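Generate the whole structure from the sequences, applying the supplied hints.
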Amino acid sequence: MTKQKAFTREDLLRCSRGELFGPGNAQLPAPNMLMVDRITLISEEGGKYGKGELVAELDITPDLWFFACHFEGDPVMPGCLGLDAMWQLVGFFLGWQGLPGRGRALGSGEVKFFGQVLPTAKKVTYNIHIKRVLKGKLNLAIADGSVTVDGREIYTAEGLRVGVFTSTDNF
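Just so we're aligned, residue 1 is where the sequence shown starts under our numbering, counting upward by one.
Since the hints were made in silico from the structure, they are not lab data. This structure is a prediction, so every number in the text was calculated from the model and none was measured. Do not rely on the hints blindly, as some may be mistaken.
[Said to hold, decoys possible] Computed beta-carbon distance windows for the label pairs:
hint, residue 1, residue 2, range
1, 73, 122, 16 to 24 Å
2, 138, 63, 38 to 46 Å
3, 122, 50, 30 to 38 Å
4, 106, 45, 31 to 39 Å
5, 65, 132, 30 to 38 Å
[To be verified] In silico DSSO-like pairs for lysine-lysine, Cα to Cα no more than 27 Å straight-line:
hint, residue 1, residue 2
6, 122, 135
7, 5, 131
8, 122, 5
9, 3, 112
10, 112, 131
11, 51, 5
12, 48, 131
13, 137, 3
14, 48, 112
15, 135, 48
16, 5, 135
17, 5, 48
18, 48, 3
19, 51, 3
20, 51, 131
21, 137, 51
22, 48, 123
23, 122, 112
24, 51, 112
25, 131, 3
26, 122, 51
27, 135, 3
We treat Cβ as the ideally placed atom computed from N, Cα and C, and that holds for glycine.
As structure tokens, this is what we get:
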């Protein structure tokens, strides 16, 4: 069976409700914390390391919730939301691979911010390059990622780590 290679907003909302990968498995956050509108490409091959890649997008409008509070009179998308979106996508990759459990961000290596998302922007694009997937007692993905706004790279993160856990009781 061929795996789905792209996902619509409705698909991602189904994932946030736990309907895409089954009960107890990887979920995306619900709006407003869902930082992705669509996944335009997901693949087990490709990317910088040949082990998989994702490309996803977020449409920017001036009425997005974070612009009203970050910062008053100087609206900008918080950089941590772009970082969280990259973790969301790495976790989605694990669920898409069929690995059981609930996703949890486990950290990252170096993160760099050298640009910003303003209310005048149109589109944020996330590029995730899978470096390694560990399958076994611990199911874990390690990836590098970048965020671009209207075609200009503004954030990078190396060593994004996300695991899926069948029990998070002792996490």
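Against the structure, the hints:
| no. | hint | in the structure |
| --- | --- | --- |
| 1 | 73 - 122: 16 to 24 Å | holds (22 Å) |
| 2 | 138 - 63: 38 to 46 Å | holds (41 Å) |
| 3 | 122 - 50: 30 to 38 Å | holds (31 Å) |
| 4 | 106 - 45: 31 to 39 Å | violated (24 Å) |
| 5 | 65 - 132: 30 to 38 Å | holds (34 Å) |
| 6 | 122 - 135 | violated (38 Å) |
| 7 | 5 - 131 | holds (19 Å) |
| 8 | 122 - 5 | holds (24 Å) |
| 9 | 3 - 112 | violated (33 Å) |
| 10 | 112 - 131 | holds (18 Å) |
| 11 | 51 - 5 | holds (15 Å) |
| 12 | 48 - 131 | holds (8 Å) |
| 13 | 137 - 3 | holds (24 Å) |
| 14 | 48 - 112 | holds (18 Å) |
| 15 | 135 - 48 | holds (21 Å) |
| 16 | 5 - 135 | holds (21 Å) |
| 17 | 5 - 48 | holds (18 Å) |
| 18 | 48 - 3 | holds (21 Å) |
| 19 | 51 - 3 | holds (15 Å) |
| 20 | 51 - 131 | holds (6 Å) |
| 21 | 137 - 51 | holds (20 Å) |
| 22 | 48 - 123 | holds (23 Å) |
| 23 | 122 - 112 | holds (22 Å) |
| 24 | 51 - 112 | holds (23 Å) |
| 25 | 131 - 3 | holds (20 Å) |
| 26 | 122 - 51 | violated (30 Å) |
| 27 | 135 - 3 | holds (19 Å) |
Checked against the numbered hints above, the structure breaks hints 4, 6, 9, 26 and satisfies the rest.
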